[in-house]
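Put chains V, U, C, R and W on the given structure of chain D with help from the hints.
Chains as they are written, first to last, in the numbering used here: chain D, 1 to 250; chain V, 1 to 250; chain U, 1 to 250; chain C, 1 to 250; chain R, 1 to 250; chain W, 1 to 250.
Hints were generated in silico from the structure; no laboratory data involved. A portion of the hints provided could be inaccurate.
Copies of one chain are not kept apart here, so a pair can be met inside one copy or by any two copies together.
[As the list claims (entries may be wrong)] Each computed SDA-like pair below joins lysine to any residue, with the alpha-carbon atoms no more than 25 Å apart:
| # | residue 1 | residue 2 |
| --- | --- | --- |
| 1 | Lys219 | Ala24 |
| 2 | Lys219 | Phe68 |
| 3 | Lys219 | Ser27 |
| 4 | Lys219 | Gly116 |
| 5 | Lys219 | Thr89 |
| 6 | Lys219 | Tyr148 |
| 7 | Lys219 | Asn235 |
These numbers were taken from a predicted model, which means no experiment stands behind them.
6 protein chains.
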Amino acid sequence: MRLLVVNANTSDIVTEKVAAQARASASAGTEVVAVTGTFGGRVIGTRTEQAVGEHSAVALLARHAPGFDAVVIAVSYDTGLRAAREMLTIPVVGMTEAGLLTACMLGGRIGVVTFGRRVRPMYEELVAGYGLSTRVAGWRTLESTAAYQRGAHDELDAELVAAANDLVERDGAETVLLTGAVMAGVPRRLQAQVPVPLVDGIDCAVRQAELLHRLGSPKPRTGSYALPSPRESVNLDDPLARLLRDGPTP
Amino acid sequence: MRLLVVNANTSDIVTEKVAAQARASASAGTEVVAVTGTFGGRVIGTRTEQAVGEHSAVALLARHAPGFDAVVIAVSYDTGLRAAREMLTIPVVGMTEAGLLTACMLGGRIGVVTFGRRVRPMYEELVAGYGLSTRVAGWRTLESTAAYQRGAHDELDAELVAAANDLVERDGAETVLLTGAVMAGVPRRLQAQVPVPLVDGIDCAVRQAELLHRLGSPKPRTGSYALPSPRESVNLDDPLARLLRDGPTP
Amino acid sequence: MRLLVVNANTSDIVTEKVAAQARASASAGTEVVAVTGTFGGRVIGTRTEQAVGEHSAVALLARHAPGFDAVVIAVSYDTGLRAAREMLTIPVVGMTEAGLLTACMLGGRIGVVTFGRRVRPMYEELVAGYGLSTRVAGWRTLESTAAYQRGAHDELDAELVAAANDLVERDGAETVLLTGAVMAGVPRRLQAQVPVPLVDGIDCAVRQAELLHRLGSPKPRTGSYALPSPRESVNLDDPLARLLRDGPTP
Amino acid sequence: MRLLVVNANTSDIVTEKVAAQARASASAGTEVVAVTGTFGGRVIGTRTEQAVGEHSAVALLARHAPGFDAVVIAVSYDTGLRAAREMLTIPVVGMTEAGLLTACMLGGRIGVVTFGRRVRPMYEELVAGYGLSTRVAGWRTLESTAAYQRGAHDELDAELVAAANDLVERDGAETVLLTGAVMAGVPRRLQAQVPVPLVDGIDCAVRQAELLHRLGSPKPRTGSYALPSPRESVNLDDPLARLLRDGPTP
Amino acid sequence: MRLLVVNANTSDIVTEKVAAQARASASAGTEVVAVTGTFGGRVIGTRTEQAVGEHSAVALLARHAPGFDAVVIAVSYDTGLRAAREMLTIPVVGMTEAGLLTACMLGGRIGVVTFGRRVRPMYEELVAGYGLSTRVAGWRTLESTAAYQRGAHDELDAELVAAANDLVERDGAETVLLTGAVMAGVPRRLQAQVPVPLVDGIDCAVRQAELLHRLGSPKPRTGSYALPSPRESVNLDDPLARLLRDGPTP
Amino acid sequence: MRLLVVNANTSDIVTEKVAAQARASASAGTEVVAVTGTFGGRVIGTRTEQAVGEHSAVALLARHAPGFDAVVIAVSYDTGLRAAREMLTIPVVGMTEAGLLTACMLGGRIGVVTFGRRVRPMYEELVAGYGLSTRVAGWRTLESTAAYQRGAHDELDAELVAAANDLVERDGAETVLLTGAVMAGVPRRLQAQVPVPLVDGIDCAVRQAELLHRLGSPKPRTGSYALPSPRESVNLDDPLARLLRDGPTP
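Isolated chain D (complex conformation) (with noise of 0.2 Å):
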């Protein structure tokens, strides 16, 4: 299967990273691609950067996903996923959505460790917006940026396990997910210092997109994931005004 992993932010390293963990954990016959955002913030971290992205993605989607089985959101606002699962007829699954879900059937509650107080809220609704409130038993906020350069990040990798050691401790995780697309592969490394599973959105997103995809549900017919009736747009690329007016190629 073709598997395209979208990237609403306009920066090539988290993307990096994260086709990196796409492809590490994709099954044998899994072709990954990656596509990174054309306009839009470098790295959506405000509200602002996150309105853009919902565009964005879409856009990329609607140049992309044709030929494709399965789409990965790779932002961890799971920037544009509900658009996504509405415009196009083949699975698609958000990082953070899949990140918890997976974490549910691991049991218990659910640590969430984010990364910056300005978008903390974010993550909050996203998570009450799943209905998924009362499944996380905590939430740690780190400031750090590191995690944007290359190279190694001992202190953060300090903070993280510290960050997830106290969830596991004070506030009764069972399990601990690590928030950002720019986290992809992190939980694998540091899963030996932490007593409970943690979970890496991009692993659990890559491998659920895999299982939809199998999994061979159809596209609804009604509702509000269905394909909508044409619709007329004004100014907008061209791939994105046909989605709009023709429906999805196949």
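Below, chains V, U, C, R and W alone, put in the same frame as chain D:
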């Protein structure tokens, strides 16, 4: 004061209706300017158009907000609301948010009328995102699209009245919100036929925007609604790129 | 318009503070009249006084409301609010309700500061009764009673600022509501020392009452806020007995 | 033991019905005394009467509670319950609270029958205030006022049975609570016609009050149910003023 | 009346403690018989032992319940409670359920003390299953196993008092429930050192079982607690197989 | 990999249906072994059988799990799920849990079809226990037992299709879960007649079990899903007693 009414849709008919009601609702001394989206769907009615609309709303705001004292989001999905509240230093009110919160002060639970079953989940998600699900008595969905044509709409009016009365009678609604920017002005016209207050999102939003302007709460200096530090972006139109980089012009 | 501010407490000092803030908040052209309870506790601070205060509030309203255009309940338990909304045909706003709902439009979750651990459950019950528990980021309780004395309160001010900043820092509050009628006017004085909006219940309530008056929603003709059919009563003072029997005088 | 049954209504017919059921429910050795409100509505059926009733209930208790071992609040809005629990050192049980909590121990979700659509929101608010909304399977509202007349009520009985059976059949109720003090004794009479337990609030409340008396939990010394320090008041009748000032007489 | 106390654990020491408290709590005229599990864990403290305990409880009940008037489940996970309520025609009460519901009638939110962090999620799930999560003020977990030894436990007592007081002080608990069958009798001993009621699950359960017996609610004839039609089974011990096939002996 | 499918029921017909679907769902290279309970109810359909089934499931697992890589719980009450997750070091997935969580990734709210009104509360409790109640759009209950006979079931099929479509039409379900192990394979057969995805718990569970196996999350070393220290037990069959004492054989 100067009030900017932002319609991220790209069709003028809704802007006209909204602007007319906004002027009717505004206090003497409030100048109302309404702007229409320059790209995206004609009328947001799908998740994909909503994703584009998020960008459309912030692009409109980046261009037009300077010099205004407050903003009303005139799409009933409150498209762009949270981003606008972050990126601007003036109050921003969503029409559905304002309708719901104002209805709370009229007392009791709220019946909600939406247009089109495909968008009802989007409204349910919106209300849940405000933490107000328990304040909703029930929902009714009409399929008519008559409201988007000019002229009288007797049949639609009858359906609206019936839906509102049914919410009162069977679900115990003590107020009824008619969602949809295109409903601007309709509640007042139909009020006499319904025994509980009919709530008009634009009417409430304009008044709440005036209220917040006069209240004069300061812009938060921390948290998810504070101005971000300068953000680098790619391929955005000038005003938005500048806003992300330099923050808002007063 | 004429605005009645109802303090079901029986001590004038709170009424004075409330009336001063109400006049400061009111628009030009709004006449503010504040009345004080004639029976019951000096300052409602127990469940028993609150029970008496419910009666006190409706008795005050029965006597004073005729001729007014809107009412503000100036006890921070919103004492008598629901009854007042039922028995009168003019808008009625509670100071804590108005503070919370207005804070919602400033964005994010709300920190709440209360006075005295014995009353904190009463506030928690109040917030839950409005369906707004999930909008609260956290609570802080101060034990000072200094606010009830005249004069400057430097120590109390310092405690308030510390509590508000702690709500922001540790609980992620994006606005902070200072409960208590006696806090009227304090948020504005301390605002500069807190990085998110401080919300003043009286300030909000006066403005929301004006808004609702101008909005002009009709009195419900059915449901729990409609005027009841004539009710027979025993041993109530004349205005209240008459109100129950004959309904409100315009 | 001596059990005080407090009806904050001012009509004796309800007190008589309640007292008869209370005596039927009480253990041998329990002396039941029922008192009726001296001011306020004949039968609390509006929010305004409920506000007055809160005062009426505490006034009755201040006068009559000395010498009793426990109290049952015999108005189905549990009028005055929280205040009574604070001001007295003996157990206090509300009839609707006791009905709901006892029903929980019978298993499954509870159907609730109320009288009059105008008061149904008041019951919903009451149940929500106990944190028990998720335990309710559904609601039915009857408009009959026959129960307030003396004599047989065949038509009402048939409506009650139909409502209860409909709650079982369509909403999956596994018990049914008939609210309303005036329903005291009715569940037993109609039980044979309904396939799940019919719950009588007075019946449960009397038994729970006896249970709490024998359980002998101490009066809290802190929190919102501890005795307050002396409270100054104005224009209250002597027993209540004294209670606020001096605390309860044993 | 005859009251059966069912301990699905297989160690007598807990049964003894529970039986002693049950006899102390029971009314004159109530005969208490306590039975211990014949297979499974010594003391249920894992999810696996709880799974076995569910069977153990119903096997004990099938064998011993005939001739009794009510049942108390004396394992603090309320092991077998819902099954017992279904399969028997007499009232069945769980010790933790009874403790929580009784605490509700004492007023305010409940602090909960549990033993062992590994089981705390099991208690949280139990409380959530009763729909009572919002009534819990907070949790404290002790690691001591001293309670399972005979003799005095001064150190444990000190820890319990500290935990209870901390729940009161920091979390605003207005009652405190000590979970664990082995805690039977302890609340009474430590009550003087805590300023709010300490709740003993066994104490409450015995009294609630007596109450339900006297209340005399009929066995439901429909729903999930009605007697099933005859059920065929395999390899169960005789009394249980017979119960499933023939229903309960009176 | 080797996948163990555990049916705690004691009738082979359900095991056969489940095993057939499990093999159809499994990847190439997955060996599926299905085992049937050796004691307890033929088909779990009461709370008592469910209580026995909890033991039956863990007894089966103690005997059969060694040598397997993952487990699917093939009773739709997810009987024994939490215990299995604790006692084994390999992933364990419940069929209803997996169905619900997978449905979440298809988007929107889930309609649930159950068999028999007596068990519907058991499903509601299960869903609530996963924290997913708000993701459910509505419920439908069929009374047919035809599925337990071999052969075609045209009438039942028609009822299932009607129930699913009604959930879509009236409750806005965007996916529909057919509960019941006996429904394994049915969703695929009826899919064409329903406009939204029909979800098959076994189909999802097998795929999720494979996914979790490949994901390779470590066994927690703390919390309620960690391996317990050695537990002493009484009168359990050898494999289970050994498991409790010595932990799992790899």
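Verification of the hints:
no.	hint	verdict
1	Lys219 with Ala24	between (28 Å within a copy, 21 Å between copies)
2	Lys219 with Phe68	within (15 Å within a copy, 35 Å between copies)
3	Lys219 with Ser27	both (24 Å within a copy, 23 Å between copies)
4	Lys219 with Gly116	between (37 Å within a copy, 19 Å between copies)
5	Lys219 with Thr89	within (6 Å within a copy, 36 Å between copies)
6	Lys219 with Tyr148	neither (37 Å within a copy, 29 Å between copies)
7	Lys219 with Asn235	neither (28 Å within a copy, 34 Å between copies)
Of the hints listed earlier, those the structure fails to meet are numbers 6 and 7, in rising order.
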